[in-house]
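Novice: Chains A and B, in that order, give the protein sequences.
Counting in this note's numbering, the final residue of the first sequence is number 362, and the numbers go up one at a time with none missing.
Counting in this note's numbering, the final residue of the second sequence is number 171, and the numbers go up one at a time with none missing.
Hints may be right or wrong, so weigh each one.
[What the hints assert, rightly or not] Heads up, simulated EDC-like pairs for lysine to aspartate or glutamate below, C-alpha to C-alpha not over 16 Å straight-line: (1) A:K54 x A:D155; (2) A:K262 x B:E106; (3) B:K45 x B:D16; (4) A:K54 x A:E39; (5) A:K313 x B:E17; (6) A:K354 x B:E59; (7) A:K313 x B:D11; (8) B:K126 x A:E39; (9) A:K332 x B:D11; (10) B:K170 x B:D11; (11) A:K76 x A:E132; (12) B:K121 x A:E236; (13) A:K177 x A:D48; (14) A:K177 x A:D201; (15) A:K177 x A:D66; (16) A:K262 x B:D157; (17) A:K313 x B:D19; (18) A:K60 x A:D84; (19) A:K150 x A:D180; (20) B:K121 x A:E230; (21) B:K170 x B:E59; (22) A:K345 x A:E236; (23) A:K313 x B:E41; (24) A:K62 x A:D147; (25) A:K345 x B:D16; (26) A:K332 x A:E169; (27) A:K262 x B:E59; (28) A:K62 x A:E39; (29) A:K313 x A:E302; (30) A:K177 x A:D84; (31) B:K126 x A:D221; (32) B:K126 x A:E236; (33) A:K345 x A:E29; (34) A:K332 x A:D250; (35) B:K126 x A:D48; (36) B:K121 x A:D180; (37) A:K54 x A:D183; (38) B:K126 x A:E230; (39) B:K126 x A:E29.
Since the hints were derived computationally from the structure, they do not count as laboratory data.
What you are looking at is a predicted structure, and each value in this text was computed from that prediction instead of being measured.
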Amino acid sequence: MAMKETAENGEISNPRGLPLEAHFVTNPADNVTGYKSFEAGKFKFRRDEYFAYIETPKGTHTMSVDVFLRALMRDVAWGFFYGTVNFDQVFGTTNYYGEVDMFYGALNEAYAAEGQDYVERFKSDELMDIFKGMISDWTIEGFDPFAAPRETGTPWGTKNGDNDDAVSRQRVTARRMVGLPGDTPVRTDENGYPVNVMFDDVDQDQPEVHAEPGYEHEVQAFNLFGYLSRSDVTWNPSVCSVVKDSLFCPTSEEYILPVEHGNDRCEWFIQLSDQITWNIKDGETGRPKAVVHMKAGDVACMPANIRHQGFSPKRSMLLVWENGSPKIPELIRDGKAPNVAVNF
Amino acid sequence: MSQYTTDFAQIDEYDSGGITVISQDNPKNYVFSNMYEVAAKSGANERVAVAKNFEYAIESMRAEGTSPWYTAAHDEFAVAMDYPVTVEFVKLDDPDAVVDPESEGAHLIDGDPVGEKMGYVKLSRGHMAMLPVGSAYRFVANKAATVMIQTIDGPVTQHKWAQFCKQ
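Turn these sequences into a full structure, and let the hints steer you where they fit.
Specialist: Here it is in structure tokens:
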């Protein structure tokens, strides 16, 4: 997650005018599957050997449990992120920074047109508690929802242990820059971050730093590409350098972004190595709009009114650039945040 | 020998992707460019914006020879994207006299900065250096190199979107 933001003036946008739901239940483990089920408002969640089921008053949505867990993992790790996290075309969450909408079909053109959509609103920390309980209980031993498919086992079957070490990883949030004294450390073999096999040709040399006495804390540099080559997770942007609210959130990507991220603000991608293809859809309806293919050195902005999902055939390095200004939710609420970052 | 090869690009060898519109979209909305192409087609030590988010910017700089001295009223960060670059630092005796402490972005320093030498860093591809607030810095590159700079849109930031972005 790349979040730095908190609401600046305490006023939280609520465009649907929904009341806060306060019903949360964690049910005992099922006698057959061994998995717990969960309730948040009128949403009910359960899983079996292959699928996750999301029951709502308007219908039940079924997802392959591997897809569901990978998406749930990002929603948890990113703290609901900026804007909308679409688990798929039907189910997801929209972040209002302190409160969150959970929806079924609301951002699907067909469901919404036929009145088959359903939305409830929660305090973010309360819904997060349920989500964390779910990712912990439903992730079994050997399956890591942060890892690329070739790197991990499968989530299929009845309850068999857990993988809490994997699902409770602490996100990296440098306060100024990775490697500075007292800030997030660089990754090494010794601290548990070996070079990923797909990046074993990436130079691991550190820069030459020649600081005069007394300036050792300010004359600083580190090997960013080497750092990224040692990431043990995929599709998990983490803050590596900070200029006020400008957050460099590079990440390593492989296979498919497990969610369709619906932007509520402009978001920039800088492809540092290899390539990613992005499928772009309309944020509200899910209609396909474009395909953006990025190679090393390419820079592209995701407009604020779209959703996007990336496909990375080989592990690649992507710089996700976020503006975490606490002023932005207010600008979005007032319709003053632009959909396009630059007009030319 | 690994079965995998990581594809990087450089100022003298790059290949850009592209945008395929499916429906009701405009390629210009993606402000799509390639930072190596921008550096390749820029003048020595020009700093050209390739991304902008409200006041914040990312610049692609063609580092070549010895750049002028710069300073800013906030931290900046530079990443060497292809060939070696050295960054030299001076601790300004009176940074507020050089640049308004409320100002944003990098500013050119007229002549040499007044202050104590802080040291230097030698960067190769993928290395990130902090350009700390209160310092002056300059880049030295024996051959043209691409440097990506995390900063705020300022007086040295060039805007050439129509020249470099896909339309």
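Novice: Please name the hints from earlier in the document that this structure breaks, with their numbers sorted from lowest to highest.
Specialist: Per hint list: 4, 8, 10, 14, 18, 21, 22, 25, 29, 35, 36, 37 and 39 violated.
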